[in-house]
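S.K.: As given, the protein sequences belong to chains A and B, one line each in that order. Start counting the first sequence at 1; every next residue gets the next number (the numbering used here). Start counting the second sequence at 1; every next residue gets the next number (the numbering used here).
Hints in this document: simulated from the structure, not taken from any laboratory. Quick reminder that beta carbons are idealized off the backbone N, C-alpha and C, glycines included. Among the hints, erroneous ones may be present.
What the hints assert, rightly or not - For lysine-lysine, the following PhoX-like pairs were computed, each having C-alpha atoms within a straight-line distance of at most 25 Å:
1) B/K451 - A/K123
2) B/K455 - B/K425
3) B/K95 - B/K156
4) A/K60 - A/K91
5) B/K504 - B/K455
6) A/K123 - B/K9
7) B/K425 - A/K123
8) B/K54 - B/K28
9) B/K321 - B/K235
Stated by the list, open to error - Label-pair restraints from in silico Cβ distances:
10) A/R108 - B/G188: 43 to 49 Å
11) A/Q93 - B/E477: 38 to 44 Å
12) A/M116 - B/K501: 29 to 35 Å
13) A/M116 - B/G192: 51 to 57 Å
14) B/M1 - A/G44: 40 to 46 Å
15) A/E96 - B/E421: 42 to 48 Å
16) A/R108 - B/G18: 56 to 62 Å
17) A/E57 - B/G463: 50 to 56 Å
18) A/G44 - B/G443: 23 to 29 Å
19) B/K235 - A/G44: 58 to 64 Å
20) B/G561 - A/Q64: 21 to 27 Å
21) A/M116 - B/Y25: 58 to 64 Å
22) A/E57 - B/E193: 46 to 52 Å
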Amino acid sequence: MLREETMKDQGKAEGKMRALLARFSLDGHDRGLLSVMSSFRNRGIEVVYTYFSDPKELAKAAEQEDVDIIGISSSMGEHFYIASNLVKVLKEQKIEIPVIMGGVIPTRDIPELLDMGIKKVFKPGSAPGEIVDFVFKGERVP
Amino acid sequence: MFNKEALEKTKKMLEQWGREVEDVYKKKLKFESPQYTSESGIPLKYVYTPDDVKDLDVELPGAFPYTRGNRALGYQYMPWMIQLLHGYGTGEETKERTQYLIKEGMKGYGEQPAVLFAVDTPTHCGFDPDDERSRGMIGLGGVNITTLEDIDTLLKDYDLPNTRVADNIRFTCLPFLAMYVAYAEGRGHSPGELNGQSQNGLGNRCLTTNLPSPVPDTQYKLEIELIKYTSQTIKRWNHTNLCGYVLGEMNATPAQELGIVLSKAIDLVEGGIKAGLRPDDFVPRFSSQVHLGMNFFEEIAKLRAWRRMWAKIMKERFGCKDPKSLQYRIHVHTAGSSLTSQQPLNNITRSTLQVLACVLGGVQSMHTNSYDEAIGLPSEEAVRTAIRINQIVLHETGVPHVTDPLGGSYYLEWLTDKVEEETEKVRSEIESRGGYFGCIKNGWLRQLLEKQSIKWRQEVDSGERIVVGLNKFRVEEEEEVPAFTLYQPEIEAEIIKRTEKWKKNRDNIMVKDSLEKVKEAMAKFDAVEKAGILMPALLEAARAKCTLGEMMEAIVEVSGGRIYA
Numbered sequence: 001m002l003r004e005e006t007m008k009d010q011g012k013a014e015g016k017m018r019a020l021l022a023r024f025s026l027d028g029h030d031r032g033l034l035s036v037m038s039s040f041r042n043r044g045i046e047v048v049y050t051y052f053s054d055p056k057e058l059a060k061a062a063e064q065e066d067v068d069i070i071g072i073s074s075s076m077g078e079h080f081y082i083a084s085n086l087v088k089v090l091k092e093q094k095i096e097i098p099v100i101m102g103g104v105i106p107t108r109d110i111p112e113l114l115d116m117g118i119k120k121v122f123k124p125g126s127a128p129g130e131i132v133d134f135v136f137k138g139e140r141v142p
Numbered sequence: 001m002f003n004k005e006a007l008e009k010t011k012k013m014l015e016q017w018g019r020e021v022e023d024v025y026k027k028k029l030k031f032e033s034p035q036y037t038s039e040s041g042i043p044l045k046y047v048y049t050p051d052d053v054k055d056l057d058v059e060l061p062g063a064f065p066y067t068r069g070n071r072a073l074g075y076q077y078m079p080w081m082i083q084l085l086h087g088y089g090t091g092e093e094t095k096e097r098t099q100y101l102i103k104e105g106m107k108g109y110g111e112q113p114a115v116l117f118a119v120d121t122p123t124h125c126g127f128d129p130d131d132e133r134s135r136g137m138i139g140l141g142g143v144n145i146t147t148l149e150d151i152d153t154l155l156k157d158y159d160l161p162n163t164r165v166a167d168n169i170r171f172t173c174l175p176f177l178a179m180y181v182a183y184a185e186g187r188g189h190s191p192g193e194l195n196g197q198s199q200n201g202l203g204n205r206c207l208t209t210n211l212p213s214p215v216p217d218t219q220y221k222l223e224i225e226l227i228k229y230t231s232q233t234i235k236r237w238n239h240t241n242l243c244g245y246v247l248g249e250m251n252a253t254p255a256q257e258l259g260i261v262l263s264k265a266i267d268l269v270e271g272g273i274k275a276g277l278r279p280d281d282f283v284p285r286f287s288s289q290v291h292l293g294m295n296f297f298e299e300i301a302k303l304r305a306w307r308r309m310w311a312k313i314m315k316e317r318f319g320c321k322d323p324k325s326l327q328y329r330i331h332v333h334t335a336g337s338s339l340t341s342q343q344p345l346n347n348i349t350r351s352t353l354q355v356l357a358c359v360l361g362g363v364q365s366m367h368t369n370s371y372d373e374a375i376g377l378p379s380e381e382a383v384r385t386a387i388r389i390n391q392i393v394l395h396e397t398g399v400p401h402v403t404d405p406l407g408g409s410y411y412l413e414w415l416t417d418k419v420e421e422e423t424e425k426v427r428s429e430i431e432s433r434g435g436y437f438g439c440i441k442n443g444w445l446r447q448l449l450e451k452q453s454i455k456w457r458q459e460v461d462s463g464e465r466i467v468v469g470l471n472k473f474r475v476e477e478e479e480e481v482p483a484f485t486l487y488q489p490e491i492e493a494e495i496i497k498r499t500e501k502w503k504k505n506r507d508n509i510m511v512k513d514s515l516e517k518v519k520e521a522m523a524k525f526d527a528v529e530k531a532g533i534l535m536p537a538l539l540e541a542a543r544a545k546c547t548l549g550e551m552m553e554a555i556v557e558v559s560g561g562r563i564y565a
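From just these sequences and the hints, can you work out the full model?
M.R.: As structure tokens, then:
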């Protein structure tokens, strides 16, 4: 499921941050993700981009790729489904990687997503730069 | 168009004008004049004169090359169709919205109701609800269609021969059409009585909405198969929506959008010919979904260039003689990507300008976005307002009283020619790289579109491109627009239950046999020349109560599986 271009860089470069950016296979809205991806790379963050249909696959990819953060894009209303399932799987497998979300997510749903354990939800129109800043602020779990 | 005298006079006046700009603005006022370019990269002057259109031909609406309109009379005879794409959850919920829209003014040509419905992504891709791959996505973004019963829920109250049924399906157009025909047969109608349209844009959708799709060769064959079947059997069916919308949503420029769509049309007409059809037998039934962005005059120029280039290609390249083959009917979808979630009421202004551009450009039909579409599914109030924009332009402004009111404008005529030139560059580059489907296969088109989307974002981030409310004129406290949402898990559980029940209560031996026949037909369908081989098997499968997903699975299983763009 991983895009080929991102599979090439296997090992993580020394001192570099690495992010897993992902969306549901059946939510094809990837324009925002493309911009975020380009912005991450321009600021020196390595990006692995993947599609998934089962949150378990995603958790596995995050662990294998040794990423510092997982970014999920959701634009069709599947945010609760993804968040609840992903957080559950990560907890079960004791994977401590922060998850952030973006896309088309109604503001009123944000508190519930944060309660579930999502670190931050970016609203539509957030500049990719803001997201990079957030990642760099060191919200990493040690 | 202009006599020598007029051109001489123009030249003199222009010299005078140029001196004034130079002496007063640049020297005295130290004004650094900006260089504007259109979205397609066409450098603009500050003023246009007869000199810019001296080669302009006299043209009237209703005559080749139809720049000014397809018919002698435009909106005086018939207003544009107000059609709104909609759909969510179950058929019952979608039908409720359809009825609301019709009550508020949505209609097709004449008084015929139009059921233009969006489907969820499992339906687009052909994954049944009980398939694990559909989990979490059922009923989102559109209605789920899996069985004949789902079609019945949506359409049972309509008189089918007098209803325009238009699905917005991405990859499963052919299985859906087979199901719709089987459903109509069950209600006593022959396919020939039906009317509506298919999207039939598998390649396009694979490019732009990056979902699991059949491989390019299969995309092409399935599109030609649908064209062949409908042009021989359902004459009133618009077989293919030449959709530029999704390209525009990835920030293709107007010239790129038109260039890509024309390339696609050329591949399809060539494929139709290979499949044994005469262009005049199917070209009139191409339909369209044009993207209408914020660059006001360039968008109007694009609509005019679109009709002209279409007419020329169909006449000169394919020898079409039927005027209907030469008259490109335009349905527009206003640009969703131009909307902001910040200060969402501003989106009403954006949509209004876009609707005005459409009317000035002479389109046949329009979907107008609701102001809350950057936030979630549109509310009833928001879709009503979108319809009202159309009704205000139609009844209050007087704009539709005169056809092609900007025809003859020095600027717009010049810009129409330039958009045509830029479009031709894009089109010929695609042709030289292997044509439309070739450029999906080799990744060139996807790369182009990815670059365009990233470029837009960078321009917004750097402030080079201003989007009001997004990167300028922001407010501290954003007003909350109530987002319309639905409780998905309940809907998903209900739809899975229905599917399981359907699969239990049918003759599963017949199902299996008919799916085998679909696979056999698809396996033999090794070139577009053999189009016509698949649809009979799909019709049998639909009559045997196979689901949409089962039919699609049978097709992709023997034709290269699924890919991402």
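S.K.: Indicate, hint by hint, whether the structure satisfies it.
M.R.: Hint check:
For the hint pairing B/K451 with A/K123, the CA-to-CA distance comes to about 23 Å; that is within 25 Å, so the pair holds. Annotation: proposed proximity of B/K455 to B/K425 holds, straight-line Cα distance about 20 Å (limit 25 Å). Annotation: proposed proximity of B/K95 to B/K156 holds, straight-line Cα distance about 10 Å (limit 25 Å). Distance hint between A/K60 and A/K91 is fulfilled; the C-alpha atoms sit about 12 Å from each other, no more than 25 Å.
Our distance criterion of 25 Å between C-alpha atoms is broken by B/K504 and B/K455, whose separation comes to about 51 Å. With a C-alpha separation of about 57 Å, the suggested pairing of A/K123 with B/K9 is violated against the 25 Å cut-off. Among the hinted pairs, B/K425 with A/K123 is inconsistent with the structure: their alpha-carbon atoms are about 38 Å apart, more than 25 Å. For a cut-off of 25 Å, the pair hint linking B/K54 to B/K28 is broken: about 33 Å separates their Cα positions.
Note on B/K321 and B/K235: the hinted pairing holds, with a Cα-Cα distance of about 18 Å set against a maximum of 25 Å. Range check, A/R108 to B/G188: Cβ separation about 48 Å, and the 43 to 49 Å hint holds. As the Cβ distance of A/Q93 to B/E477 is approximately 40 Å, the hint placing it in 38 to 44 Å holds. With their beta carbons about 33 Å apart, A/M116 and B/K501 fall inside the hinted range of 29 to 35 Å.
Checked against the hint of 51 to 57 Å, the C-beta distance between A/M116 and B/G192 comes to roughly 54 Å, which is consistent with it. Restraint check, B/M1 to A/G44: a C-beta distance of roughly 58 Å breaks the suggested window 40 to 46 Å. Range check, A/E96 to B/E421: Cβ separation about 57 Å, and the 42 to 48 Å hint is violated. The hinted window of 56 to 62 Å between A/R108 and B/G18 holds, with their beta carbons roughly 57 Å apart.
Distance hint check: the CB atoms of A/E57 and B/G463 are about 39 Å apart, inconsistent with the given range 50 to 56 Å. Between A/G44 and B/G443 the beta carbons are some 26 Å apart, a value that agrees with the proposed interval 23 to 29 Å. In this structure the hint that B/K235 and A/G44 lie 58 to 64 Å apart at CB holds, the actual value being about 60 Å. Look at B/G561 against A/Q64: about 24 Å separates their beta carbons, and that is inside 21 to 27 Å.
About 59 Å separates the C-beta atoms of A/M116 and B/Y25, a value consistent with the hinted range of 58 to 64 Å. For the hinted restraint 46 to 52 Å between A/E57 and B/E193, the CB-CB distance of approximately 47 Å keeps it satisfied.
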